[in-house]
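With the sequences and hints as input, model every part of the structure.
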Amino acid sequence: MDLFEYQGKQLFAKYGLAVPSGEVAETPEQAKTAAEAIGGTVVVKAQVQVGGRGKAGGIKLAKDPDEAYAEADNILGMDIKGHVVKRLWIESASDIKKEYYASVTFDRSAKKPLVMLSAMGGMDIEAVAEEHPEALARLHVDPLTGFQQHHARWLIYHANIDEPAQKGVLDALMKAYEAFIGLEATLIEINPLIWTADDRVVALDAKVSIDNNALFRHPELAELQESLTDDPQERMAHERGVTYVKLDGDVGIMGNGAGIVMSSLDVVALAGGTPANFLDAGGGSNAEAVATALEVLLSDPKVKSLMINIFGGITRCDEVAEGLLTALDTLGATLPIVVRLDGTAAEAGRAIIAERAPANVVVEPTMLSAAKRAVELAKEAS
Amino acid sequence: MSILVDENTKLVVQGVTGREGQFHTLRNKAYGTNVVAGVTPGKAGQDVDGIPVFNTVRDAVEATGANTSMIFVPPRFATDAIYESLDAGIDLTITITEGIPAHDMMRVYTHLKRSDQRLLGPNCPGAISPGKATVGIMPTDVFTPGRVGIVSRSGTLTYQISKEIGDMGIGQSTVVGIGGDPIVGSSFIDVLGMFEADPDTDLVVMVGEIGGDEEEKAGAFIAENMKTPVVGYIAGFQAPPGKQMGHAGAIITGSSGTAQGKKDALEALGVKVGTNPTEVAEIVRDTLG
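Just so you know, the protein sequences line up as chains E and W, in that order. Heads up, the first sequence is in the numbering used here, so the first residue is 1 and it goes up one at a time. Heads up, the second sequence is in the numbering used here, so the first residue is 1001 and it goes up one at a time.
Derived by calculation from the structure, the hints in this document are not laboratory data. Cβ coordinates follow ideal geometry from the N, Cα and C atoms, glycine included. Errors might be hidden in some of the hints.
Stated by the list, open to error - Facing chain E, from chain W, some residues (calculated, C-beta under 7 Å):
#1 Gly1089
#2 Ser1115
#3 Pro1139
#4 Leu1157
#5 Gly1212
Spelled out as structure tokens, the structure:
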């Protein structure tokens, strides 16, 4: 779960990590009120989860509340790389002496936390890592003993952090790691972490990702999830506990198990089509799960045909077929649906569909033929 | 021979009295697996279809000599269950549970690597040596005894590929699901090494997917250490790159992690990679000749 900047900064503040004072605004009026409360020059920042906000005009300075109103009016509703700005973060402008980079991330390859620090912050850190690898200090942490001050000192010396900022950076690193552990984050990235004119060290940006599997221990974070997706299908899928990711194409896809669904997406593309989504109804898909999944798929107006790919293991294909018929009765879908059943009770499942399914449901024997058929039918329908 | 599970397996099931736990325990037993004990705190003295239930894994090991554990405990209790199994000295812990937090698994993994015990999963379907034993949730009728080893991050894809090669008359020595989570106890390399040492495995199918760099690492291992041929499959060419925030992840893994990157890396090291499960089965058949 990826948080917005303002959510990340509010969490940083709870962990004692210095951030500029700020407020959320959803209207120009609120932006003006926020600017009055904060006082002085403020920064009006679009809250979208995409890089390059500044270049796109989504971050502006405002010298007084009236300017904040005008900038907010301008930025709200702006489309930044497909993300429409609905919310702003208004914060006190900072007097920057230098920009650093700091992050704590879950290194999947090493299976440990990785802390990184650089004196070359504020810019594209991937480019820094490539062109000046020596400028990015990296240190893995033993998750059983944790991040100690000597680790932070090592990073600070190896990243050549300026002497007057060293104490502040050490403090920021310790607190960033504390937040990483406390929030069960998979990423805490601060770019830039700034050294101010008055020698403070402040987080000027916040990228925080939380492990979805850990949300049961963090009800206050689970609540934030509500604010993170605007897509109606993704929201519906989330509410019903279905794993769903929306894509751009017109062939709707569902299957039982992440692997077989990913593989289905691939064969649809091989057949010349474009997948509309990823939907995993779960390894133990029963009739009810199939009905729920179908409802999510059919609610997407872009979908022109469906490919249902089930490998019966513990799941019985005859139960899936029954579930499909019941769901179609209720939902009354008319678009073409291609079903491929294999494994446990596959023949019984195919027979149920052949005998009782409406004419828009067809059975194909293999994954490849099902994908081809679904792609053809989507093309005919559009 | 075979690897990980066979006629010497003495299985204890943690979470044996739960609905799923009981269902799969009895299926494993019906297949011929030697299920010696179950564990559910507070239920010692009961039995599940003749399988004695103990309060703790340690009690079960002392009474029955169990050497393998299967975990069916819900995510919020599963981390403790893994530690309990490791602390009781179980050689192989197979964790079926899906949804264990990543921070828990970082600590479990670090602890695990300080011993020579093995962990499969979490979020895995288990392992089966056809005709000998099965531990987990795999549909047993898909598999037949034979000489192809399979190691996979995905359950359903494993069944699909096993069935496709089965339809060609080719069976399996052992089929191992290592699990789909970012941190799992055993890597492709761990299992490939075991297959390489198994005289009854003539070829290995490795089923990978997007994310991480375990397939790339496995490619290098295959090139340097394996005489047994390996056929690969990678799922997820069309998968969305994910709404990845920040760049820390990209810095660590570079371009690896994508399906194309993995396929290219494996092929550059001489591992044949099929583009769909049917093609994988055909490459297996042609390689075995």
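Going through the hints against the structure:
1. Gly1089: Violated, because the Cβ-Cβ distance from glycine 1089 of chain W to chain E comes to roughly 20 Å (cut-off 7 Å).
2. Ser1115: Hint on serine 1115 of chain W: violated, closest Cβ of chain E at ~13 Å, above 7 Å.
3. Pro1139: The hint holds - proline 1139 of chain W has a Cβ within 7 Å of chain E, the shortest such distance being about 4 Å.
4. Leu1157: holds (4 Å)
5. Gly1212: holds (5 Å)
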